[in-house]
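> Chains as they are written, first to last, in our numbering: chain A, 1 to 348; chain B, 1 to 348.
It should be emphasised that the hints constitute simulated quantities derived from the structure, not laboratory data.
There's no promise every hint is true.
When chains are identical, the list treats them as one kind, so a pair holds in a single copy or across two.
The list that follows gives simulated cross-link-like pairs (lysine-lysine, DSS-like), each with its CA atoms no further than 30 angstroms apart [unchecked claim]:
{"hint": "1", "residue 1": "Lys221", "residue 2": "Lys329"}
{"hint": "2", "residue 1": "Lys49", "residue 2": "Lys221"}
{"hint": "3", "residue 1": "Lys229", "residue 2": "Lys329"}
{"hint": "4", "residue 1": "Lys27", "residue 2": "Lys329"}
{"hint": "5", "residue 1": "Lys27", "residue 2": "Lys166"}
{"hint": "6", "residue 1": "Lys236", "residue 2": "Lys198"}
Since this is a predicted model, take the numbers as computed values, not measurements.
Given next are the chains, with one letter for each unit.
Number of protein chains: 2
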Amino acid sequence: MALAIRHTAQHVSQDVLLSLEGMVTPKVPFWLMRQAGRYLPEYRALREKAGGFLDLCYNPELAAEATLQPVRRFDTDAAILFSDILVLPQAMGQEVSFAPGEGPRLGALDIAQLELNLEKLKPVYDAARLVRAALVPQKTLIGFSGAPWTLACYMIEGEGNGSFEKTRLFAIRNEAAFARLIDKLTEAVTAHLVEQVKAGAGAVQLFDSWAGLLPKTLFMKWVMEPAKKIVAELRKQVPGTPVIGFPRGAGALYPLYAAETGCSGIGIDSQTPLAWARREMGADVCLQGNLDPAILCAGGTALEMEVARILDIARGQPFIFNLGHGVWKDTPPEHVERLALLLRGFRR
Amino acid sequence: MALAIRHTAQHVSQDVLLSLEGMVTPKVPFWLMRQAGRYLPEYRALREKAGGFLDLCYNPELAAEATLQPVRRFDTDAAILFSDILVLPQAMGQEVSFAPGEGPRLGALDIAQLELNLEKLKPVYDAARLVRAALVPQKTLIGFSGAPWTLACYMIEGEGNGSFEKTRLFAIRNEAAFARLIDKLTEAVTAHLVEQVKAGAGAVQLFDSWAGLLPKTLFMKWVMEPAKKIVAELRKQVPGTPVIGFPRGAGALYPLYAAETGCSGIGIDSQTPLAWARREMGADVCLQGNLDPAILCAGGTALEMEVARILDIARGQPFIFNLGHGVWKDTPPEHVERLALLLRGFRR
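Chain A with its partners taken away, still in its complex shape (with noise of 0.2 angstroms):
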């Protein structure tokens, strides 16, 4: 009965889990940013039938389905937990809406009034529960949250617009209230995270899409240092689990990041060469990421030499395959499809 035990779902190994632990897999698991999504049909088919994208995000049997619908499809490695950034502003208080065609849009922003109500994500949580107990144990649930400073940035400036002058000309000139609004986000975090982890997420990530547009001082004082907070925390709360940061556009600032944070997994954008990030950031640290979502659109030959490429860099390491940022909405399916075939052809 010991020997029976021991092949239950609990005690099944997780590719993604093994890699973020730092070893080299035999196989490169992989799985996609936003790869539940409008690309797929039974997606759009599923979207049209809860209402509008926060109705979806937060309807637990869809959200649910949504998050699988990839799984099921291509088989990746892992299910990233279909819901948005927004949700926890949204739980802390401030109105947010998605017009439909358009991107988000945030009501006034009150710094003191914040406060998270854990109550309003619990259909997040309910999501998660349905997808870990739906998925095979061989596969990861990933949890995310939006970083602090990227949070900030949809919260002070009211939309999400590329540049976000208003927000990072609020950080300086009011550091002092931003500080709060970044202390208030990083709890709120890692409060987040810690449900989801106790929902049956096995890894989480954190998304700071925004952190390219901070120089050196600031991204160590409101991307790093939030991170390495939080990572501490879940240390903390939830210990073994695995955080990736994921600090989009950090540039030369990556190896600092991947340093000083204590990230298990560090995402890699697709501007950023992989080769370098490995030899900057160490051994021990497992990388995902950088394949170009245009080059995944585009497919054929340049997705095949691309890929090999990618593979080739990260044959002798943790490496978990991804894209640097989401599919983008017009990839044809096909092309994840022959991704996926590429991905499962190759072993180290």
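Based on the hints, put chain B in the right spot on chain A.
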């Protein structure tokens, strides 16, 4: 008389040019990207007189005046010709317009039909001549052009949307056609820069604002290779004219760009740590830039500290003080005055 000749305009040295030749001048010379523009009341007045933005670009007297305004107000060491990168696609036959308060809109692109008509750009070179005649000899006139990749982004996308997905996809899916476009642009950019030099520009800057969108393999092909060709061609046609390459967002690829293109100066964006850039690029290339435009816009202690930090790093090396991106339109001119004062008070 020989002595007198040595003191005429042609023989007065310019700190910007000396720095680009690798010298460490007692003063750190400075100018700012987009130093002529909407944040200046005198510019707004001029703009009202001119009509549309492109009308201003094509009016030699008014364009020269716009160029000179910040030099007068802040005593910058260089004037950058007031113009726009999109005058080049326009002179090649593509329709370009600027709707008030909006970004540029470009007409349909027919790569085969593109042909540079330098005659259309005569007002730009006339403006350069007027500026050079009005500048004191110690000051440098900097000519510029968008780099082929960045121009191609606007030309294919038809607008500036920050992500340029259509262009990135086209460059992969239709590589041969895209290569023809880049080749045509490389020639046109070269011709445009040569004419500016002949009209009085002492140095030229190549703006590759969207270089950061490309992964390494494509960065080498569409950013580095064209820059290398342009630098080599200028070396033949207008020997001794330094080229400042500004591959914004190049991140970890900056050192490769510097080593391969042969640029005399490299524009460093705000996000790239200056000390790292210097360490990785060696002491012979002149670096330029780095101040976050958000910090200039914010002013106050943050500005003073950041300027001190940059000057400290730049102390013993060829360096031109500048921003890491253009001046924001809400920047109070007094903050630029304060910056100018700080720089004037600094001696190596």
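> State for each hint whether it applies.
Each hint tested on the structure:
no., hint, in the structure
1, Lys221 x Lys329, "between (34 angstroms within a copy, 26 angstroms between copies)"
2, Lys49 x Lys221, "neither (43 angstroms within a copy, 45 angstroms between copies)"
3, Lys229 x Lys329, "neither (34 angstroms within a copy, 36 angstroms between copies)"
4, Lys27 x Lys329, "within (28 angstroms within a copy, 51 angstroms between copies)"
5, Lys27 x Lys166, "neither (45 angstroms within a copy, 33 angstroms between copies)"
6, Lys236 x Lys198, "within (13 angstroms within a copy, 67 angstroms between copies)"
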